[in-house]
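If you're matching them up, the sequences are chains A and B in order. Numbering-wise (numbering that gives the first Met the number 0), the first sequence opens with residue 0 and increments by one. Numbering-wise (numbering that gives the first Met the number 0), the second sequence opens with residue 0 and increments by one.
Quick caveat, the hints were computed from the structure, so don't treat them as lab data. Take the hints with a grain of salt, since some may be wrong.
[Claimed, not checked] Quick list of the computed label-pair ranges, beta carbon to beta carbon: (1) B:Val-746 - A:Arg-108: 47 to 53 Å; (2) A:Phe-107 - B:Val-710: 53 to 59 Å; (3) B:Asp-693 - A:Phe-107: 51 to 57 Å; (4) A:Leu-77 - B:Leu-707: 54 to 60 Å; (5) A:Phe-107 - B:Phe-711: 33 to 39 Å; (6) A:Thr-83 - B:Val-746: 31 to 37 Å; (7) B:Leu-707 - A:Glu-111: 41 to 47 Å; (8) B:Leu-707 - A:Met-22: 53 to 59 Å.
[Unchecked claim] Going by beta-carbon spacing under 10 Å, a handful of chain B positions derived as facing chain A: (9) Thr-680; (10) Ile-684; (11) Pro-717.
[Stated by the list, open to error] Only part of the chain A face toward chain B is listed, based on derived beta-carbon distances under 8 Å: (12) Phe-38; (13) Leu-42; (14) Phe-45; (15) Leu-46; (16) Glu-111; (17) Ala-115; (18) Ser-116; (19) Lys-119; (20) Leu-121; (21) Asn-122; (22) Gly-123.
All values derive from a computational prediction rather than experimental measurement. Even for Gly, the Cβ is constructed at its ideal location relative to N, Cα and C.
For reference, the chains in residue letters:
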Amino acid sequence: MHAFESIQLFGSGMAQLAFPTEMSSSVLAPYLFVSAAMFCIGLIGFLTRKNMIIMFLCTELMFQAAGLALIAFGRQHLGSDGQTFVIFVLCVAAAEAAMALALVVLLFRHRESLSASAWKELNG
Amino acid sequence: MMTASLMNQLMASVAVLSPEGATGGTTGHGGAASSHLAGLVEHVGVGPKWVLLIVFLPLLGFVLNAVYAAIGNKSKLPAWTTIVLLAAAFIATLSMFLSYEGTPYTVYAFEWFNLSYGDKSFIANFSFYIDKLTILWMLFVTGLATLIALYASEYMSHDIGAGYCRFFSAFGLFVFSMSCLVMGDNMLMLYLGWEGVGLCSYLLIGYFYKKPSAVAAAKKAFIVNRIGDLGLALGIYLTFVHFGTVQYAELFNNETLHQYINAAAVGDFSAIPGEAQWIALLLMVGAFGKSAQFPLYVWLPDAMEGPTPVSALIHAATMVTAGVYLIARFYPLFLVSEHALPIVAWIGTITAFLAATIGMAQFDIKRIMAYSTVSQLGYMFAGLGLLSTTGAAFHVVTHAFFKALLFLACGAVMHGFAGQLDLRKLSGVAWMKGWGIVGVTMLIGCMNLAGLPYITSGFYSKDMILAEAFVTPGYQMIGWILVITAIMTAYYTFRVFFRVFLGEKHCEPGEDFHGDDKADFHPHAPGWAINTVLIVLATCSVLAISLAYIDKAENHGWVGSMIVDSTASYHSPYSESLAAAHGGGEPHAVAGPVGFAAPGKVLGMDPHGGMIVVSGLGAILGVLIAAYFHGPKGWQGLFLGGRTEAGKCRMDAVAARMGPIPRLAENKWYVDEFYAMVFVTPLRILAHVFHWIDKLLLDGLVNLFGFLPRVFAWIIRPSQSGVLQGYAVSMAGGLVILLFVVIVVVVRAGGGA
Numbered sequence: 000m001h002a003f004e005s006i007q008l009f010g011s012g013m014a015q016l017a018f019p020t021e022m023s024s025s026v027l028a029p030y031l032f033v034s035a036a037m038f039c040i041g042l043i044g045f046l047t048r049k050n051m052i053i054m055f056l057c058t059e060l061m062f063q064a065a066g067l068a069l070i071a072f073g074r075q076h077l078g079s080d081g082q083t084f085v086i087f088v089l090c091v092a093a094a095e096a097a098m099a100l101a102l103v104v105l106l107f108r109h110r111e112s113l114s115a116s117a118w119k120e121l122n123g
Numbered sequence: 000m001m002t003a004s005l006m007n008q009l010m011a012s013v014a015v016l017s018p019e020g021a022t023g024g025t026t027g028h029g030g031a032a033s034s035h036l037a038g039l040v041e042h043v044g045v046g047p048k049w050v051l052l053i054v055f056l057p058l059l060g061f062v063l064n065a066v067y068a069a070i071g072n073k074s075k076l077p078a079w080t081t082i083v084l085l086a087a088a089f090i091a092t093l094s095m096f097l098s099y100e101g102t103p104y105t106v107y108a109f110e111w112f113n114l115s116y117g118d119k120s121f122i123a124n125f126s127f128y129i130d131k132l133t134i135l136w137m138l139f140v141t142g143l144a145t146l147i148a149l150y151a152s153e154y155m156s157h158d159i160g161a162g163y164c165r166f167f168s169a170f171g172l173f174v175f176s177m178s179c180l181v182m183g184d185n186m187l188m189l190y191l192g193w194e195g196v197g198l199c200s201y202l203l204i205g206y207f208y209k210k211p212s213a214v215a216a217a218k219k220a221f222i223v224n225r226i227g228d229l230g231l232a233l234g235i236y237l238t239f240v241h242f243g244t245v246q247y248a249e250l251f252n253n254e255t256l257h258q259y260i261n262a263a264a265v266g267d268f269s270a271i272p273g274e275a276q277w278i279a280l281l282l283m284v285g286a287f288g289k290s291a292q293f294p295l296y297v298w299l300p301d302a303m304e305g306p307t308p309v310s311a312l313i314h315a316a317t318m319v320t321a322g323v324y325l326i327a328r329f330y331p332l333f334l335v336s337e338h339a340l341p342i343v344a345w346i347g348t349i350t351a352f353l354a355a356t357i358g359m360a361q362f363d364i365k366r367i368m369a370y371s372t373v374s375q376l377g378y379m380f381a382g383l384g385l386l387s388t389t390g391a392a393f394h395v396v397t398h399a400f401f402k403a404l405l406f407l408a409c410g411a412v413m414h415g416f417a418g419q420l421d422l423r424k425l426s427g428v429a430w431m432k433g434w435g436i437v438g439v440t441m442l443i444g445c446m447n448l449a450g451l452p453y454i455t456s457g458f459y460s461k462d463m464i465l466a467e468a469f470v471t472p473g474y475q476m477i478g479w480i481l482v483i484t485a486i487m488t489a490y491y492t493f494r495v496f497f498r499v500f501l502g503e504k505h506c507e508p509g510e511d512f513h514g515d516d517k518a519d520f521h522p523h524a525p526g527w528a529i530n531t532v533l534i535v536l537a538t539c540s541v542l543a544i545s546l547a548y549i550d551k552a553e554n555h556g557w558v559g560s561m562i563v564d565s566t567a568s569y570h571s572p573y574s575e576s577l578a579a580a581h582g583g584g585e586p587h588a589v590a591g592p593v594g595f596a597a598p599g600k601v602l603g604m605d606p607h608g609g610m611i612v613v614s615g616l617g618a619i620l621g622v623l624i625a626a627y628f629h630g631p632k633g634w635q636g637l638f639l640g641g642r643t644e645a646g647k648c649r650m651d652a653v654a655a656r657m658g659p660i661p662r663l664a665e666n667k668w669y670v671d672e673f674y675a676m677v678f679v680t681p682l683r684i685l686a687h688v689f690h691w692i693d694k695l696l697l698d699g700l701v702n703l704f705g706f707l708p709r710v711f712a713w714i715i716r717p718s719q720s721g722v723l724q725g726y727a728v729s730m731a732g733g734l735v736i737l738l739f740v741v742i743v744v745v746v747r748a749g750g751g752a
């Protein structure tokens, strides 16, 4: 028990030594503005464009917006969770990009078109 | 073991001298009628295992034939397998008969039911009870089955292949079931066999399953038999409830049963609980169904749709006598029922008469034989009801031979003339080339069925039943009805013979050509297998006369000597004493449900002597009537007949003058139509009512639960538009709403704080 506590104390001491101090919310705000802007651009693009590749790019944009916000918050709280999470998101996004592009290719082969409205008959 | 039967006789005589001491003080009513039964089943031994061969060899035949069918055999192998196995079973039965030592024994195969609850236990093993009644039945069952399998090997040869295998497979299964029925040592085995023979009957009646009438007949036989089987099942159930056992050895040794028998012997039926009396009535219903007695006889004539060997074996010689066996086996139970035996006697008589009237008006020779079977079974039941189990069993044996012979001869005609069975379209068959043997054997069969005096075995067995009817007080009426029926029997039997087998040669083929061309049709005479079987059966029918003379003085013939040492025998305490009083004359006296009787007289003569005159003359009279109305001109018609053409005879003019009666009789008195109106139609209407209840109410309820989600889905389906942006907008909209809600809640919470 003692040993564990001492390691924790040592760890926090090291963190205070290794990392700069917490960011204030005024420093945080620009990051969040950029993140929100990126997300809105992605969302609007996704809703308004019909080209499936563009729509896919827009989803990627929204992903990265979320990632940016995560890193910013992580930096504010001096934790490594945000960064770790973003690494995961990047991996998943890479895999998903491979799948999604393959799907888009297949869908294109079926309809000779990249328009999402070509698949309108998949309704209820 | 001859000492055992000697002991029985000694005990019987002791019983007369000192009634109280005979059954160990269990008798409360003075008589000791049950002492014979007690002495018989007191020491039931254990028999040799090879007896099991009789049962399991036919089952092996069933299995092998099924295998042949599976591997697509296309030869006569199934027939020969069946014949060899059945012959082996017959030889085993013969050695069982020869090695029988006077005491009944059981042979254990394996455990079947062994349940116990509380102080009660229900035991029914797969084991067999051998006494002389069993042996008597098994002798003719296996013997006839072997012969008829040989006959069928030729008769069914048009169907070689899967049908041939199927036929002999069911044939083997039938003999197995019949063996279980007859040899089983408990009522459950009997029931197993009973249902088994019913199944085989169904399978074989419906053998030509592409023919709608055959399918209908098979279903009819099965369903009508269900009614009887319900009675049998309830009877078995009640036996267990009342006596606590279904095993023969325990049941017939049951002290309560012995007390009942002694009470019944002195006519004191009030001492017997109603429950015990109902057993016999229920078993009787089962017997009526299987043996085609009056209310339930309608299936048997229709069963003629099956191949003729089946008609001969199942629907004439063996299966239909299962009812007679049932009553004979459980005779002690019937004795203790006040009404069962009189009902059996009367139903038998009514059936005999009714079926004979129908038989007289039919034109299909196989159906005539079917009605004569029903009629002769009526004789057997009358015999059972009148306490003449010997007469009934003797008639079963002789009838088995001559009726199988008659059917097989008719089958040879049917086979040779492409399915022609109408007696108006055939004539002079006996004179055609190669048909001599069929003609002669048919004549022997007809003489037996008609009961011509002294030269036929049918005469002796029928005489025994008739004589019994005349000596039982209050039952002379039955006697006279049966005598009239005997005259009618002789008439319709020889009607067939005179028309089909004698006279000008003439034939019109039937519809069943087996690939022959109708234009160049020529009858094909039976081959060696059919002829051999006919000759053997005719010989047996004639030789059966000797059975009447073996052991005649003691037991009314050989069959009597078989019956007397079985549960079917009935020893009244009065029979011995009266026999002694009459100076050792034939013990005729009976007491029990049908009343008391002393050796009576018929027309001032000894009953048997009198019956020889009455029934013998009656039979001859019937033949002469048939000769006059149907016989061909010249010596063949005994110089009485005047028929010159196949289709015309003197009877036509008579029938025309009798108004609607011949037509009514030809249509079986519209009994089938009556049943259809009274039972079938109401049930059909009820079935339709329930069908609609099922369809509307139950199906409606179930469908409603299926319909509701469908409505719900119909409402929300438009939300799935198929436009990807639509989904995205709703997602974004949802997010907005969610954010709005969160912000409002947070703001309000913050505001509250």
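Structure-based check of each hint:
1. The supplied range of 47 to 53 Å is met by Val-746 of chain B and Arg-108 of chain A, whose beta-carbon atoms lie about 51 Å from each other.
2. The given range of 53 to 59 Å is broken by Phe-107 of chain A and Val-710 of chain B, whose C-beta atoms sit roughly 39 Å from each other.
3. Separated by about 55 Å at the C-beta atoms, Asp-693 of chain B and Phe-107 of chain A satisfy the suggested range of 51 to 57 Å.
4. One distance hint, 54 to 60 Å for the beta-carbon pair Leu-77 of chain A and Leu-707 of chain B, holds here, with the actual separation near 57 Å.
5. Between Phe-107 of chain A and Phe-711 of chain B the beta carbon distance is about 37 Å. The supplied range of 33 to 39 Å therefore holds.
6. At roughly 32 Å, the beta-carbon separation of Thr-83 of chain A and Val-746 of chain B lies within the given 31 to 37 Å, and the hint holds.
7. Look at Leu-707 of chain B against Glu-111 of chain A: about 43 Å separates their beta carbons, and that is inside 41 to 47 Å.
8. A hinted range of 53 to 59 Å holds for the C-beta pair Leu-707 of chain B and Met-22 of chain A, which are about 58 Å apart.
9. Of the supplied interface hints, the one on Thr-680 of chain B is violated, with its beta-carbon coming no nearer than about 53 Å to a beta-carbon of chain A, more than 10 Å.
10. With its C-beta approaching chain A no nearer than about 48 Å, Ile-684 of chain B sits outside the 10 Å limit, and its interface hint is violated.
11. For Pro-717 of chain B, the shortest C-beta to C-beta distance to chain A is roughly 7 Å, which falls under 10 Å, so the interface hint holds.
12. The closest approach between the C-beta of Phe-38 of chain A and any C-beta of chain B is roughly 10 Å, which is over the 8 Å cut-off, so the hint fails.
13. A distance limit of 8 Å between C-beta atoms decides the matter here; for Leu-42 of chain A the minimum to chain B is near 6 Å, and the interface restraint holds.
14. With a cut of 8 Å, the hint placing Phe-45 of chain A at the interface with chain B holds, because the nearest CB-to-CB distance is about 6 Å.
15. For Leu-46 of chain A, the suggested interface contact is upheld, since its CB lies about 5 Å from the closest CB of chain B, less than 8 Å.
16. Given the 8 Å rule on beta carbons, the hint for Glu-111 of chain A is violated: about 18 Å separates it from the nearest Cβ of chain B.
17. The beta carbon of Ala-115 of chain A comes within 4 Å of a beta carbon in chain B, closer than 8 Å, and the hint placing it at the interface holds.
18. Given hint, Ser-116 of chain A at the interface with chain B, holds; its Cβ is 6 Å from that chain's nearest Cβ, closer than 8 Å.
19. Interface hint at Lys-119 of chain A: satisfied, since its Cβ lies 5 Å from the closest Cβ of chain B, which is below the 8 Å cut-off.
20. Using the Cβ-Cβ criterion of 8 Å, the hint placing Leu-121 of chain A at the interface with chain B is satisfied: the shortest such distance is roughly 5 Å.
21. For the restraint placing Asn-122 of chain A at the interface with chain B, the shortest Cβ-Cβ distance is roughly 3 Å, inside the 8 Å limit, so the hint holds.
22. Satisfaction of the interface hint for Gly-123 of chain A is found here, the shortest Cβ-Cβ separation to chain B being roughly 3 Å, below the 8 Å cut-off.
Of the numbered hints stated above, those contradicted by the structure are hints 2, 9, 10, 12, 16, listed in ascending order.
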